[in-house]
Amino acid sequence: MAKEKINMPQLGESVTEGTISSWLVSVGDTVEKYDPIAEVMTDKVNAEVPSSFSGKIVELVAEEGETIEVGNLICYIETEGSSEATEEASASEKPETPVEKDGVGSSDDEDQPMKKRYSPAVMRMAQENDIDLNQVQGSGRGGRITRKDIEKIIASGDLPKADEAPKPKEQVQETQPAKETKEVPAPQAAKQTSGPQPTANEGDIEIPVTGVRKAIAQNMVKSKTEIPHAWMMVEVDVTNLVEYRNSVKEDFKQKEGFSLTFFSFFVKAVAQALKEYPQLNSTWAGDKIIQRKAINLNIAVAKENELFVPVIKDADDKSIKGLAKDITDLATKARNGKLTNDDMQGGTFTVNNTGSFGSVQSMGVINHPQAAILQVESIVKKPVYMNGMFAARDMVNLCLSLDHRVLDGLVAGNFLARVKEILETMTKENTSVY
Amino acid sequence: MPVMSYIQAVTQALHEEMERDEKVFVLGEDVGKRGGVFRATDGLYDKFGEARVIDTPLAESAIAGVGIGAAMYGMRPVAEMQFADFIMPAVNQIISEAAKTRYRSNNDWNVPMTIRAPYGGGVHGALYHSQSVEAVFANQPGLKIVMPSTPYDVKGLLKAAIRDDDPVLFFEHKRAYRLIKGEVPEDDYTLPIGKADVKREGSDITVITYGLCVHFALQAAEKLAEEGIDAHILDLRTVYPLDQEAIIEAAKKTGKVLLITEDNKEGSIIGEVSAIVSENCLFDLDAPVKRLAGPDVPSMPYSPPMEKYFMMNPDKVEKAMRDLAEF
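As given, the protein sequences belong to chains A and U, one line each in that order.
Under numbering that gives the first Met the number 0, the first residue of the first sequence carries the number 0, and numbering increases by one thereafter.
Under numbering that gives the first Met the number 0, the first residue of the second sequence carries the number 0, and numbering increases by one thereafter.
Any given hint might turn out to be false.
Calculated cross-link-like contacts (lysine to aspartate or glutamate; reagent style EDC-like; alpha-carbon spacing at most 20 Å) [what the hints assert, rightly or not]:
(1) K147(A) / E15(U)
(2) K151(A) / D283(U)
(3) K46(U) / E21(U)
(4) K114(A) / D283(U)
(5) K252(U) / E150(A)
(6) K147(A) / E325(U)
(7) K147(A) / E200(U)
(8) K151(A) / D229(U)
(9) K114(A) / E21(U)
(10) K251(U) / E150(A)
(11) K427(A) / E255(A)
(12) K180(U) / E16(A)
(13) K312(A) / D286(A)
(14) K147(A) / E248(U)
(15) K180(U) / E255(A)
(16) K147(A) / E21(U)
(17) K381(A) / D328(A)
(18) K151(A) / E226(U)
(19) K248(A) / D325(A)
(20) K252(A) / E150(A)
(21) K381(A) / E242(A)
(22) K307(U) / E420(A)
Simulated restraints on C-beta separations [said to hold, decoys possible]:
(23) N71(A) / Y72(U): 46 to 54 Å
(24) D407(A) / I247(U): 48 to 56 Å
(25) D229(U) / Q344(A): 17 to 25 Å
(26) D341(A) / K222(U): 25 to 33 Å
(27) G193(U) / E305(A): 51 to 59 Å
(28) T209(A) / K318(U): 30 to 38 Å
Bear in mind the hints are in silico, worked out from the structure with no lab data behind them.
Even glycine gets a Cβ: it sits at the ideal position worked out from N, Cα and C.
The following block holds chain U by itself, in its conformation from the complex (with noise of 0.2 Å):
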C-alpha cells in the first residue's frame, strides 16, 4: 500500500472523483492554475481543464453560493476556502441556505455540496490562518461536518462527502498537511460518514478527540504504555452529527474521560461529547469528564512563545492524560 501525506490523500481523492463522475468539479480562490495554496489542488486544472478546476474571485459568499446554485441543479461541487478563517462571509449562504433547503423545500430539493477548508494552528500562521470553526456550525441540522486525522481517513471520507447528498463541510487540518504520513490504498473506497473510529485500544483511560489532535494523543500514548498506563483513544471523525454509540461505548471502557481539542474551550464540539458521556454514562463514569482545549482568547497568537502556549501539543496531552490516570 503506498504511504502519501494528508493532502496527498486530498488531492488523490478529488482526482479519482473528478474522474469518476463528471459532475463533480472544484471551485475556489487559487485552486486552478496555482493548485491551491498548500497544493491540495495539484494537477486538477491541468487535467480536467478550466470549466471543472474554477477559479473564483475573492468572495467566499459567492463560492458557497455559487456552489449551492449548482448542487440545486445537479452537480456536485466541491468549494474550497483557502483558510477555514475566510469562511466567515459565506456563513450565511452555509446556514441558511445550505444546510435548510431539503427541510425548508420538503425534499424536493437537496444541496449535495462538499466546502473544505483548511483549520487549526501550530503553523505560525497567526490569528487569520489558524483558527478552528467547526464549532460555529456544529448546531445547524442539515449539515455535516467532518474531521479526519489520518491520510486513510481523508480519502475514504472525502469521496463520501463528494458523494453524499447533503452539504458536508470537510475540514483538512492545514498541519497535518504535510506532517501526517500513512498508508492509502490506491482503490476506490468510501468510510461512513458519522462515524467514529477506535484509533487505539486501551484499558485505563479513554481519550476522545479529532483532527491532529489525535496524533499527539496518540504519541502521549506510546510514551504512557512504558509506565503502565493503557490509553483507549477513539477519533472522532465526524464532529456533527455526532456517534453518540461509539462515544457512549468508548467512555463505559474506562470510566475515565478526557477531551481534546484545539478549538477554544468554552462552546466547544468537546461540550457536546461531555453532555453525552454524562446523560449516558454516570454509572461507569470513575472521574469526572476532562476538556484539554485553548484558551478562551479570540485567536491563536502570532508570537511564537504564546502561539506555543495555546496550542495543543503532546506534552500538554500527555500531561492531562497521566493525571486523569493517576485519579
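Isolated chain A (complex conformation) (with noise of 0.2 Å):
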C-alpha cells in the first residue's frame, strides 16, 4: 500500500487559491480514480476535485471552510502498491547537508583557484586603501576575496600593508646601567615561504595549520616583518609585594572566590605607568603616531595548541581585585572557548605572564599594532647584595619589546623604571588591594 497526496488543483486562470466548501467522502472511503472528493469554492468558479487514484482516503488534511494555495496538500489516499518505493523518493528528496560550506576547510593555494581573481570593486578598494591583498584571507567561492571581505577588514582599522622595504636607520645602540638593549636584526622582506616547502618524511606526522594556528602565524609574521623590534629588562625586587601577597591571599581568596595572583598587582603597575608615559600606548600609523588615551590591555591565555589575547577594558580605572578579576574571567572564557569578539578588541598594550610557565627571561612578539609589550617572567628567590651583606630578595624580570619607530630606549627605560619603583614600593601600608 502506498500513501498519495491529493493537491488543490488549478481551477482556472488567475486562480491562486479555494476554499474546501465541503467534503464529498470521509476517512475510510473508498474511491475510484477520477471520483469527485471535494467541492471546491473560488472567487472564479465553483468546481469538484476529483480524486487523482484509485484508493482510501486516509487523513482529510484540509477542513471545511479552509482555503488553501494551488498545489499545496488537501489529503491522502492510499493506493494499492508498494509504499517503499514513495519513501525512498522522499527520503532521497532530502539535500544533502553542504558539509562544506562553513569550514574554512583547506585552503592550500590549489584549493583556492580564485584566490588571485580580483573584481573590480576589490581592486579600487584595495588601492584606494593601500591593502595587500595577498594577506586577506577571502570568503568566497574558490577562495575569492569579496568586497564584503574588504569593507570587513576597512571597517576594522586594521589593514594588512604590503611590506615597506625597512628603512636604512642610524644604527642606534642604546645601552642603560642595570637595562639590557639589544637591536633585532632589520627583517628580511620575509615573503612567507621562500624557497622550497618542507616534506614529510616517512613517520613524521602531518599537522594541518587551522583557523587559529594560521591567524597566530599571519599576525606574528605580520608583527616581526613590520614593527623593527627592540629588547629590553630590568630586574625588579619584589620581596615587599611577595610578603604583602601571601599574607593577604588566602582571606582574599574565601572571601572574594578567585584567586589574588601576583600578575594582578603587576597588571596594576603598567597601568599607572602607561599613564605616566603615554609613549608606550600607542600605535604606529604610517605618517603619524596615534596615542591612546583608553588603557587597554591585553593578557596573553593560551590554551593547548592556542593563543588568545584578550582585552581588560580601561585598566587604569580598575582597583586590583577588579583587575584580579577581569583576569580570571578572561581566562575562564578563554579556556572555554567563549571569548566573544568585544573581549578580544580594542587593545593598546599587552601584557604577557609568562612567568606561569617558569621562564625567567624571554623577548616578546609585539602585539600588532601596538608599540610595545610586557613580559613578567618568574618570580625568583636570589642572593642580592645590599646594605653591605648578601640577603635571599625575590626577585622578577621584566622584559619589554619596542617598537622602535614609536619608541627610544630613553622613554622605554624611564617607564621600565617606573613599573621597577611602583612594584618595589608596594606595601600593604601604601597599596590597598580593594
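Take the two lone chains and join them into the complex the hints point to.
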C-alpha cells in the first residue's frame, strides 16, 4: 500500500487558491480515480475536485471552510502498491547537508583557484586603502576575496599593508645601566615562504594548520616583518610585594572566591605607569603616531595549541581586585572557548605572564599594531648584595619589546624604571587591593 | 488600512478615477456587462453606464485607435487588452501613433491614454494567455511602461497613469491578481511613474526585478536571511523609461547584481538594466551581473512540467540568489 497526496488543483486562470466548501468523502471511504472528493469554491468558479488515484481516503488534511493555495496538500489517499518506493523517493529528496560550507576547509592555493581573481570593486578598494591582497583571506567561492571581505577589513581599521622595505636607519645602540638593550636585526622583506616547502619524511606527523594557528602565524609574521623590534629588561625586587600578597591571599580567596595572583599587581603597576608614559600606549600609523587615551591591556592566555589575547578594558580605572577578577574571567572564557569579539577588541598594550611557565627571560613579539609588549617573568629567590651584605630577595625580570619606530630606549627605559619603582614600593601600608 | 488583492486595487483605482474625472472612460472586450474576464472592471458598467464603460468588438487595433482619437480630443481613455498576448494587432496604433503624436505634432497634440493588459504566466494559460510583451514596446520613446508588483503600487500607479498626459502601457500580472494581497489606503494617492522602489534593504546581493518576480525574490530573501544572506531588492515598477539613478544606487550598494524577469532572456528589459549597471558601476562590481529569465523559446508551454520549467518561481530565484551570494 502506498500513501499518495492529493493537492489543490488549478481551477482556472488567475486562480491561486480555493476554499473547500465541503468534503464529499470521509476517512475510510474507497474512491475510484476521477470520483469527486470535494467541492471547492474560488472567486471565479465552483468546482469539484476529482481524485487523482483509486484507493482509500486515509486523512483529510484540509478542513471545510479552509482556503488552500493551488498545489498544496488537501488529503492523503492509500493506493495499492509498494509503499517503499515512495518512502525512498521522499528520503532521497532531502537535500544533502552541505558539508564544505562553514569550514575554511583546507585552504591550499590549489583549493583556492579564485584567490587571485580580483573583482573591480576589490581592486579599487585595495588600491584606495593600500591593502595588500596577498594577506587577505577570501570568504567567497574558491577562496575569492569579496567586496565584503575588504569592507570588513577597512571597518576594522587593521589594514594589511604591503611590506615596506626597511628604511636604512642609523644603528643606535642604546645601553643604560642595569638594563639590557638589544637590536633585533631588521627583518628581511619576508615573503611567507621562500624556497621550497619542507616535505614530510616517513614516520613524520603532518599537522594541518587550522584557523587559530593560521591567524597566530599571520599575526606573528606581520609583527616581526613590519615592526622593528628592540628589547630591554629590568630586574625588580618584589620581596615586599610577595610578603604583602602572601599575607592576604588566603583571606582574599575566601572572601572573593577567586585567587589574588601576582599578575594582577603587575597589571596594576603597568596601567599606572602607562598613564604617566602614554608614549608606550600608542600605535604606528604610517605618517603619524596615534597615542591612545584608553588603557586597554591585552593579556595572553594559552590554551593547548591556541593563544588568545583578550582585553582588560580601562585597566587604569580598576582596583587590583577588579583586575584580578577580569583576569580570572577572561582566562576562564578563553579556556572554555567563550571569548566574544568584544573581549578581543580594542587592546592598546599587552602584558604577558610568561612567568607562569617558569620562564625567567623572553623576547615578546609585539601584538601588532601596538607599540610594545611587557613580559612578566617568574619570581625567583636570589642572593642580592644590599646594605653591605647578601640577602635572599624575591627577584623578577620584566622584559619589554618595543616598536623602535615609535619609541626609543630612553622613554622605554624610563617607563620600565617607573614600573620597577611602583612594584618595589608596593606594600600593605600604601597599596590596597580594593 | 484595508487589505485587498492586486485586482481589487485595479478596480478601486478605476472607480475612483472615473468618479473624479468625467473624461475618464473604459473600453475593451467584455469590460462592460461582464465586468472583464478577470473582473477588473467589475461594477463600473452599473455605476457609470454604457457610455463610459464600452464593450468593443474583438479588434484590438480599433480599441487602441479609438482610444488614441478620443485622447487627442481631450478624453482620458483606459483601454483594456483582454490579455497582453492580444495586443499585437494594436502595435501599429500604439507605436506609430500614440507614442509619436506629441513629437510629430511639435507639442500641438498629445495622447493621454492608458492601456491596461494582464500579462504573465504560471496560470496554465499556454501560448496566448501567458506572455510578457513589455520588451516589444521598451525602445519606443514617447511610451511609458508600468508594471507594478503590489496592490498599493497598483492603485497609486494606475491613477498616475490615467492622469499622465502621454500614453502609458499598464501591465498587470494575472497570476498576481488573486495571489498578491496587501494594504491599500482608502484615500486618493498617486505614485510617481519612472521611479523604482526598494522593497527590501540588504547588504549582500542586489536583486533588481519587477512584477510578480518581486514577490519570488522577497520570499527567497526571507529564506536566505536565515542563512545569513541579506538581499537588497529593487522593484523597477516602471520598466520604460528606467529609473537609472535607483538602479545605479542599488547596484553599487552590494556590487553583486541579479536581474530577474519571467520574459525570454535575450532582448528583455533586464538586458538594458544590465547595460546601465555596467556603464556606471564597474568599479563597484564584485561579481558578473547575472540574469535569471525564461528560456529563449517562442512561448509559455501548456504541458504542466514544461510550464514549470519555463516559469520563474521562488526556488529558481533562491538558487540564483544563493549562487551569487556565495561567489
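Outcome of the hint check:
1. K147(A) / E15(U): 48 Å, violated
2. K151(A) / D283(U): 15 Å, holds
3. K46(U) / E21(U): Roughly 13 Å separates the two Cα atoms, so the pair holds.
4. K114(A) / D283(U): Holds, at about 19 Å.
5. K252(U) / E150(A): It holds: about 12 Å lies between the C-alpha atoms, which stays within 20 Å.
6. K147(A) / E325(U): 11 Å, holds
7. K147(A) / E200(U): Measuring from Cα to Cα gives roughly 16 Å; hence the hint holds.
8. K151(A) / D229(U): 15 Å, holds
9. K114(A) / E21(U): Violated, at about 66 Å.
10. K251(U) / E150(A): It holds: about 13 Å lies between the C-alpha atoms, which stays within 20 Å.
11. K427(A) / E255(A): 18 Å, holds
12. K180(U) / E16(A): 12 Å, holds
13. K312(A) / D286(A): 27 Å, violated
14. K147(A) / E248(U): 17 Å, holds
15. K180(U) / E255(A): Distance ~62 Å between K180(U) and E255(A) Cα, so the pair is violated.
16. K147(A) / E21(U): 55 Å, violated
17. K381(A) / D328(A): Distance ~33 Å between K381(A) and D328(A) Cα, so the pair is violated.
18. K151(A) / E226(U): Given that 20 Å is the threshold and the Cα spacing comes to 19 Å, the pair holds.
19. K248(A) / D325(A): Answer holds: K248(A) to D325(A) is near 17 Å, not above 20 Å.
20. K252(A) / E150(A): Status violated; Cα separation ~47 Å.
21. K381(A) / E242(A): Cα-Cα ~15 Å, so holds.
22. K307(U) / E420(A): 81 Å, violated
23. N71(A) / Y72(U): 46 to 54 Å: 51 Å, holds
24. D407(A) / I247(U): 48 to 56 Å: 52 Å, holds
25. D229(U) / Q344(A): 17 to 25 Å: 23 Å, holds
26. D341(A) / K222(U): 25 to 33 Å: 30 Å, holds
27. G193(U) / E305(A): 51 to 59 Å: 57 Å, holds
28. T209(A) / K318(U): 30 to 38 Å: 31 Å, holds
Checked against the numbered hints above, the structure violates hints 1, 9, 13, 15, 16, 17, 20 and 22; every other hint is satisfied.
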